[in-house]
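Student: The sequence shown runs 1 to 365 under our numbering.
Mixed in with the good hints, there may be bad ones.
[Unchecked claim] Straight-line Cα separation of at most 25 Å, DSS-like style, residue types lysine-lysine; simulated pairs:
| hint | residue 1 | residue 2 |
| --- | --- | --- |
| 1 | 156 | 112 |
| 2 | 281 | 169 |
| 3 | 281 | 181 |
| 4 | 154 | 170 |
[As the list claims (entries may be wrong)] Using C-beta positions, here's what the derived DEER-type ranges look like:
| hint | residue 1 | residue 2 | range |
| --- | --- | --- | --- |
| 5 | 241 | 358 | 27 to 35 Å |
| 6 | 259 | 47 | 34 to 42 Å |
| 7 | 347 | 224 | 41 to 49 Å |
| 8 | 82 | 54 | 22 to 30 Å |
| 9 | 348 | 221 | 38 to 46 Å |
| 10 | 258 | 278 | 52 to 60 Å |
| 11 | 82 | 162 | 44 to 52 Å |
| 12 | 185 | 244 | 20 to 28 Å |
| 13 | 163 | 311 | 54 to 62 Å |
| 14 | 162 | 327 | 25 to 33 Å |
| 15 | 92 | 221 | 53 to 61 Å |
| 16 | 205 | 311 | 20 to 28 Å |
| 17 | 331 | 278 | 23 to 31 Å |
Treat the hints as calculated values from the structure; they're not laboratory data. Quick reminder that beta carbons are idealized off the backbone N, C-alpha and C, glycines included.
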Amino acid sequence: MPLEPYPRGAVWWARGRVEYNGAPITEYYRCSTGASEEPGAWDWCRAEEQRVIRIHLLGEDPEEKIITFAEAVLQYEAKPKEAAYLVPITKEIGSIPIHELSPKVVRELGPKLYPNCSTDTWTRQVVTPVRAVLNNINDSESGIAFRVRGYTQKEKVAQDNKRKSTGRKKYPPGSWEWLLKFREHAPPRLGALALLMFVTGARISQAVSMHPRKHINKAKGMICIPGAKGHGDRWLRVPDEILSELTALPEVYPRDWPRKPENLRLFGYADRGGPRKLWNKACEDAGIEQIPFHPAGRHGFGQEMNVRERVDEKAAGAFGGWSDLNLMRNTYTHAEDAEIKINQALRRGLLKAERKTRLKLRKEP
Numbered sequence: 001m002p003l004e005p006y007p008r009g010a011v012w013w014a015r016g017r018v019e020y021n022g023a024p025i026t027e028y029y030r031c032s033t034g035a036s037e038e039p040g041a042w043d044w045c046r047a048e049e050q051r052v053i054r055i056h057l058l059g060e061d062p063e064e065k066i067i068t069f070a071e072a073v074l075q076y077e078a079k080p081k082e083a084a085y086l087v088p089i090t091k092e093i094g095s096i097p098i099h100e101l102s103p104k105v106v107r108e109l110g111p112k113l114y115p116n117c118s119t120d121t122w123t124r125q126v127v128t129p130v131r132a133v134l135n136n137i138n139d140s141e142s143g144i145a146f147r148v149r150g151y152t153q154k155e156k157v158a159q160d161n162k163r164k165s166t167g168r169k170k171y172p173p174g175s176w177e178w179l180l181k182f183r184e185h186a187p188p189r190l191g192a193l194a195l196l197m198f199v200t201g202a203r204i205s206q207a208v209s210m211h212p213r214k215h216i217n218k219a220k221g222m223i224c225i226p227g228a229k230g231h232g233d234r235w236l237r238v239p240d241e242i243l244s245e246l247t248a249l250p251e252v253y254p255r256d257w258p259r260k261p262e263n264l265r266l267f268g269y270a271d272r273g274g275p276r277k278l279w280n281k282a283c284e285d286a287g288i289e290q291i292p293f294h295p296a297g298r299h300g301f302g303q304e305m306n307v308r309e310r311v312d313e314k315a316a317g318a319f320g321g322w323s324d325l326n327l328m329r330n331t332y333t334h335a336e337d338a339e340i341k342i343n344q345a346l347r348r349g350l351l352k353a354e355r356k357t358r359l360k361l362r363k364e365p
């Protein structure tokens, strides 16, 4: 049967074979057209038929350029860290045409390039940058996204056993108790930074980039968390005591920065690494666990809103800048006092059952 489109979810797919003079000249197609509407899917089918028939009659199309992975990398605007990840990847697969790259080939690069690292590292330093490069090309060519299945829990455990490590240390999320103790031993500016991250869910990179004039509106009682990771700026109303503390901070320039108004920073740090030394010292002086920026701030906010105070998750997600509530729920909430809570719940359930049945779990001697 000739190529014809059919709906599959939000995208139209194609099925059938390309025919010439009534005879099929290809294997059976079952693939996405990348079109969201039927007319676009029909256009894809007709264009594909014309392309295949031309090749059938004339041989390989000389105008059809084969793009290698190395060429695709050159067309991708990578960030510095991402570019560093792409260097060893390109050495391995740079000469391979992108249409020959399969998810299996990409996934196998992880253990080959980083045999002693975790599956999380393989995902971050191999799968994610390769997928970004290929999808940058696909956006302008076929429009079909390149997808790679993540590493399974079984693969993660096997790799952790092989390298005798379970990966990064797991830190508890921040809390009001931890924050108050931290602020007792932190310089005022650093204490204000920790407070801002905890009450807004701001990342350290967002917090240190805040400008005292551009991101604080004292008249309206609002602060602006700069956009990050594809999200725009967030203007938030915060309690008066927090706003007062932020507006009371003296205006300061990061060290060695030109004294221009646009270079002012609310907390005075040039980048996310600036506060680290004083942060660790404040933890040590306070005698509390050294919780890094992200667990203390963004994870602390997620835990406080979703688990401790049980705020409506849509409200917490909107305020904290999560468009994906599943991400907030699965990544930024943590089991806390699990044994105590479960044992208390079991005890409550037992007492209810004993009262209802007038029977006792523990028989009296």
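Student: Holds or violated: the 25 to 33 Å window for the beta-carbon distance between residue 162 and residue 327?
Tutor: The hint (25 to 33 Å, Cβ to Cβ) holds, given that residue 162 and residue 327 are roughly 29 Å apart.
Student: I want to verify a distance hint. Is the separation of the beta carbons of residue 82 and residue 54 within 22 to 30 Å?
Tutor: 38 Å, violated
Student: Look at the Cβ atoms of residue 259 and residue 47 and judge whether their distance stays inside 34 to 42 Å.
Tutor: 59 Å, violated
Student: Between residue 348 and residue 221, is the Cβ distance one that fits in 38 to 46 Å?
Tutor: About 42 Å separates the Cβ atoms of residue 348 and residue 221, which means 38 to 46 Å holds.
Student: Is it true that the CA of residue 281 sits at most 25 Å from the CA of residue 181?
Tutor: Answer holds: residue 281 to residue 181 is near 13 Å, not above 25 Å.
Student: Within 25 Å, alpha carbon to alpha carbon, are residue 154 and residue 170?
Tutor: Within the cut-off at roughly 20 Å; holds.
Student: Measuring from beta carbon to beta carbon, are residue 347 and residue 224 in 41 to 49 Å?
Tutor: Roughly 47 Å apart at Cβ, these two residues keep to the hinted range, so it holds.
Student: With respect to the beta-carbon atoms only, verify the hint that residue 205 and residue 311 lie 20 to 28 Å apart.
Tutor: 25 Å, holds
Student: 53 to 61 Å was suggested as the range; check whether the CB atoms of residue 92 and residue 221 agree with it.
Tutor: 54 Å, holds
Student: Measuring from beta carbon to beta carbon, are residue 82 and residue 162 in 44 to 52 Å?
Tutor: 27 Å, violated
Student: Is 27 to 35 Å respected by the C-beta to C-beta distance linking residue 241 and residue 358?
Tutor: Distance hint for residue 241, residue 358 is violated at roughly 54 Å.
Student: In this structure, is the beta-carbon distance linking residue 185 and residue 244 contained in 20 to 28 Å?
Tutor: 22 Å, holds
The earlier numbered hints that this structure contradicts are 5, 6, 8, 10, 11 and 13.
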